[in-house]
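There are 4 protein chains.
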Amino acid sequence: MRTGVWLIGARGSVAATSVIGALALRAGLTDPTGCVTELPELHSPEIPGLGDLVFGGHDISSNPLAKKADTLAAAGIVPGWLVRALSDELSAVEKELRPVPEAGNQAATADLIGADLIDFQRRNDLDRVVVINVSTTEAVPEPHPAHADLGALEAELATSRTLLPPSSLFAYAAFRAGCPYVDFTPSTGARLPALDQLARRQRLPYSGHDGKTGETLVKSVLAPMFAMRNLRVRTWSGINLLGGGDGANLAEPAANAAKTASKQRVLAETLGYVPQGTTRIDYLEDIGDFKTAWDLVTFEGFLGVPMRMEFTWHGCDSALAAPLVLDLARLTAAAHRAGRSGPLSELAFFFKDPFGSEPHALAEQWRVLRGFVAGLGAGDQV
Amino acid sequence: MRTGVWLIGARGSVAATSVIGALALRAGLTDPTGCVTELPELHSPEIPGLGDLVFGGHDISSNPLAKKADTLAAAGIVPGWLVRALSDELSAVEKELRPVPEAGNQAATADLIGADLIDFQRRNDLDRVVVINVSTTEAVPEPHPAHADLGALEAELATSRTLLPPSSLFAYAAFRAGCPYVDFTPSTGARLPALDQLARRQRLPYSGHDGKTGETLVKSVLAPMFAMRNLRVRTWSGINLLGGGDGANLAEPAANAAKTASKQRVLAETLGYVPQGTTRIDYLEDIGDFKTAWDLVTFEGFLGVPMRMEFTWHGCDSALAAPLVLDLARLTAAAHRAGRSGPLSELAFFFKDPFGSEPHALAEQWRVLRGFVAGLGAGDQV
Amino acid sequence: MRTGVWLIGARGSVAATSVIGALALRAGLTDPTGCVTELPELHSPEIPGLGDLVFGGHDISSNPLAKKADTLAAAGIVPGWLVRALSDELSAVEKELRPVPEAGNQAATADLIGADLIDFQRRNDLDRVVVINVSTTEAVPEPHPAHADLGALEAELATSRTLLPPSSLFAYAAFRAGCPYVDFTPSTGARLPALDQLARRQRLPYSGHDGKTGETLVKSVLAPMFAMRNLRVRTWSGINLLGGGDGANLAEPAANAAKTASKQRVLAETLGYVPQGTTRIDYLEDIGDFKTAWDLVTFEGFLGVPMRMEFTWHGCDSALAAPLVLDLARLTAAAHRAGRSGPLSELAFFFKDPFGSEPHALAEQWRVLRGFVAGLGAGDQV
Amino acid sequence: MRTGVWLIGARGSVAATSVIGALALRAGLTDPTGCVTELPELHSPEIPGLGDLVFGGHDISSNPLAKKADTLAAAGIVPGWLVRALSDELSAVEKELRPVPEAGNQAATADLIGADLIDFQRRNDLDRVVVINVSTTEAVPEPHPAHADLGALEAELATSRTLLPPSSLFAYAAFRAGCPYVDFTPSTGARLPALDQLARRQRLPYSGHDGKTGETLVKSVLAPMFAMRNLRVRTWSGINLLGGGDGANLAEPAANAAKTASKQRVLAETLGYVPQGTTRIDYLEDIGDFKTAWDLVTFEGFLGVPMRMEFTWHGCDSALAAPLVLDLARLTAAAHRAGRSGPLSELAFFFKDPFGSEPHALAEQWRVLRGFVAGLGAGDQV
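Protein chains in written order, with our numbering: chain E, 746 to 1127; chain Y, 746 to 1127; chain V, 746 to 1127; chain L, 746 to 1127.
I should point out that these hints are in silico values taken from the structure, not numbers from a laboratory.
Here the structure is a predicted model, which means the values were calculated and not measured.
Heads up, a few of these hints could be off.
To be verified - Only some residues are given here: those of chain V computed to face chain E with a beta carbon under 8 Å: (1) Glu783; (2) Tyr1018; (3) Gly1022; (4) Thr1037; (5) Thr1043.
Where a beta carbon is used, it is the ideal one built from N, C-alpha and C, also for glycine.
Please work from the sequences and hints to get the whole structure.
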């Protein structure tokens, strides 16, 4: 079960932390804290091991992975001694990173991306390669009729340079190259009918969107608590202060809109109504990768008595995301091996804005995930 | 299914809020916010309706219920207009309240308590009476060999005035009079082997302990979140600032110890280890019935990165407890009707320190509760 | 020293709370909590007493003051029994309220406003009338050359209907009628060179802007703390969640911009540099007049160690503003009596965005205020 | 103005951070963030420069300073590169550290301490040596009549081994050796009439107690804010969670009592009344030197409206204390040079529990401190 993990945005903080962590785990230098798939409840021989993962990826940046690792160490996101101990392994991964190709039209660009994926798979003798988007969040794209039909899409791609947003072009190229696709960001990715047609035709699974790492994770347990106790949430307002690359990008109004919409979905679907309030995201360069989120919830109890709760979450986004990236690579690879195709709604546990109509309550998502893992052995092994 | 609800501590804030709320619901003057049994998921014809409840109780205080209601209205716990609208109904309940009897020994006192219960049941033509302890928290009692054996207990009670703490004496008297018993407080109640023997002999169910209304409720969803994400909780510390009668009593070190032990159980049982930290309770007269709890959780993520979360909970204890008291009366009555006897571990959803080895994660408790309600119809109706 | 207090926005929450409070204090029904001028340190025979104040005002609404008082009582901002006890006094004030006049041009409108002021003064035999703007916040107006010169302004007003924003038109009318003017809002008010010329010509004092009631009050003591300890503030971000009329208005982007600029001034002027971060204002209808503000401050200590502080402020805006409105009426009246004209920079203690270059540290502003009060007796009594 | 700084507890976190910081400042490797005496407002040629300080000290531990520095670097309290850059300078300080002497009686022990001080002064050709207690907090000692009279004290010391707590024995020895004394802890130190007599006889100044570094610092600006606005504080409760050596010691009930009493003084003296509530200190080993304090303040505004404020302070105690230790060494040395003797009440700015009746409001203390510095030149230079 040698499994390739191809990271879109491979030189970014999340990708680099994922790679460093996987290498450290393989070398026995750290514990699998934060890795959900390592919990006893999710143990399965159908899931590739951490030691089976081989990393590569695309990035528009050319900043060396070793330098990125030093930056992460200086920011307290990974231990410095670990970076020093893994320098050889990081050099090996560096050789598997490629610049993002660009050709005269998106069809040709997709061919170049696909060629990189196929080369990676052959060179490393991999059973399969999972493509995971961990690049920065895109704006919501303009709708286009060709997004809804695979034939029309393929015809248009031959001449257009902008029809698909980058995340969707990578999904298209991945599917064409026989690779499952995971979108860890709120970007469009595989979320277009034409791409779903392609994935099913190729018998490929995909999952997303938007890794659930902080404030929304907390919402996904607190909102069901209010619902189960029949307490009426009147308002739920939050602010996220974050720096780092993702923070800077989210300061763009369009990307911000994509993200905040994704963050509110859990309330409507868990409570059955939409309380007043919004979730804001503000960029604070100085705060770096350690995000602070503050939420205020006002609610009404018996006989209308007003009450309130606040929480502050101070988490390191890359350190929260990285182990989930490894989990998703392994689980999506296992789903592919088990013959699954189309969206993996059972992985809703990991996402703010999951596919399908799975429940948004974390505990329910956990049960669904356990069922998914338990059922892996029953599929057609590929 | 006319169901009596006999409240120990019937003139206290929780009892009075429960009574006012039930009367208001029956009169269509309020919504059942906070009433778990009114959620569609728990609807069952086996459960007595809110309109089937008839209230009575014991209290050492003789402060009129109407005066208590005014005090609650002044404190913002119940609406003043509601108290005025319900004055006749409150007078009717007033007539069902009795002072706590006291005889020369605990056996004789228990007989007097039992006589009050039986009179109440006959006078109101009730199918059954559920006794619920909502009086202030007792200190943990001195252990005694007779606590472990019903025969020895009955022999000793004939001469002792102190063998059983009050909550257990009420449980004893309730069981002798054929009444199920619920302990909403952390006091000993039915938690003695001799009383369990009595309950089973009488074919009576009981439930407890310590209603889960605030900080522990939040813990019971946050601790599973950390566990499901394989994040390691390093410390969990909290402080509860509360006034009101319960607050004053909890300022007593012995009662405080009983309560804080009850509050920490959820962490050990959900996480599988005990993080550093303690839960403190401080009395602040001025804060009244609106409790403020603050918790700090420090945890470790991938590669050992330290992170933290804080929450503040500002809730009205009586308003949070009262609808649960109604839920427990109705569910315990239904269990009795269905022929259940012994501890009702399926009601763990409601308690900080539940009977049995049910999970402490709220979502799991919710599933167990739904199963309990769904199974009610299958029992032997009595 | 019979002193008129003419409120622009007289039927709003701040105005109504000011009036109810002043009437309650005169009747001995409450304590002067929140009234700065009642502190022993500011006692002076030069300042009119609370009993000397007579209220009137303009409002575009015609909602009766008694009805507004009931609304305030229902929201917990004023005690209901107080409103009932003061019904006669409130009816008397009701008779002194007028709709906002409107004529064909702003010169004529100003004449009508002035006539209302002069009538009020004569009818009540008042030594002077202080005009105070407590209406909702305006957008920042378009600049116009006539704002800078009194002659040009008066010429233009004869034909224009929009040259001055309402707050400035009231200031103009007040000055023409011989009345000092206070702006409790961030609106333009007297902050135009032409109006300053008019005030000085008329020998009238004025003060403003934007009452310092919550988050900014806290900033004005915390920012100096960091400065005095030579700790370097890296970021200071805040969010204000508020409902009520002011909240709804501040949801307008232009008014919001005026307000947030006013809120950040204290940091730059106290610290000597501008930390990263912004102050947001979000409207939450359900939260009513009780504002919740949350601020995060990250700072750097010795050897660059990063540290942080958060605070949450949960205050009732009208109850915080109302006693300051009374203070400002009394102090501005005393300044007028003492012969002062032009901006009263010594009243910076009360404002987020004060006139002049007075310090923004609250303790320094307090010293300046004490000096101002101490010096009142030395002026030319008028 | 070569000035010796003799640290009691020289191998502890505060002392080591002070030494590393002073060496780094002298070497131009860091900025004086956190050093109050480096602010322009306190600049004075009468105060010894940071480059004039020479360090030595006593400690019962023999853990090398270099090793302590590594521990501090690992905990994020000082930068690791700084420790490496300063290794030679740290070795030089290591040579000036001594074990705490112990003889058969306290008079003889004091002689040995004094001999260490005099040796240090001669060996380094110092104008004076300031002794600063930064060791862990002691319990409040048993009162003894000899504490009140220098003659009686000296007579008793010749035979007793326990008459004085360690902090007071060091103060006694310092005064006998002609050294000013500063107590940065809440321990007794020079706070005995007999020691005051000795200091005055020797013409030596002293200062203390209990460095104001975190929660109490914030209290000292917030409490005056409430007072200046005539808002009535109803309750003020806090909890401090801290690890490190000081935290472990404060878990001892007696030391905890000494500390919490010191922390509440600011409220009573600033507000003029004592609000309900207490300040708790809990030990959390895992939290290390980064303390988290949470405070809840409930207050009453105009017409009795209840409001509230919370704050969380997350600070590194050693990094907050260390620059103040340097400030106190320099200011106390300057006071000695200026001929001052007895308690330096003007240094209240630095302490939770200062000498004398100086105001507890930080801004007032700042003004007093500025006056003190400005007046230094006028004394008798020694």
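Hint check: 8 Å Cβ-Cβ cutoff, V/Tyr1018 to chain E: violated (13 Å)
Interface hint compliance - V/Thr1037 to chain E, C-beta minimum distance less than 8 Å: holds (6 Å)
Supplied contact hint for V/Gly1022, tested at 8 Å Cβ to chain E: Interface hint status for V/Gly1022: holds (6 Å vs cutoff 8 Å).
Evaluation of the interface hint that places V/Glu783 against chain E, nearest CB under 8 Å: With Cβ-Cβ at 31 Å, over 8 Å, it is violated.
Hint status (Cβ of V/Thr1043 to nearest Cβ of chain E, threshold 8 Å): holds (6 Å)
When each numbered hint is compared with the structure, violations occur for hints 1, 2.
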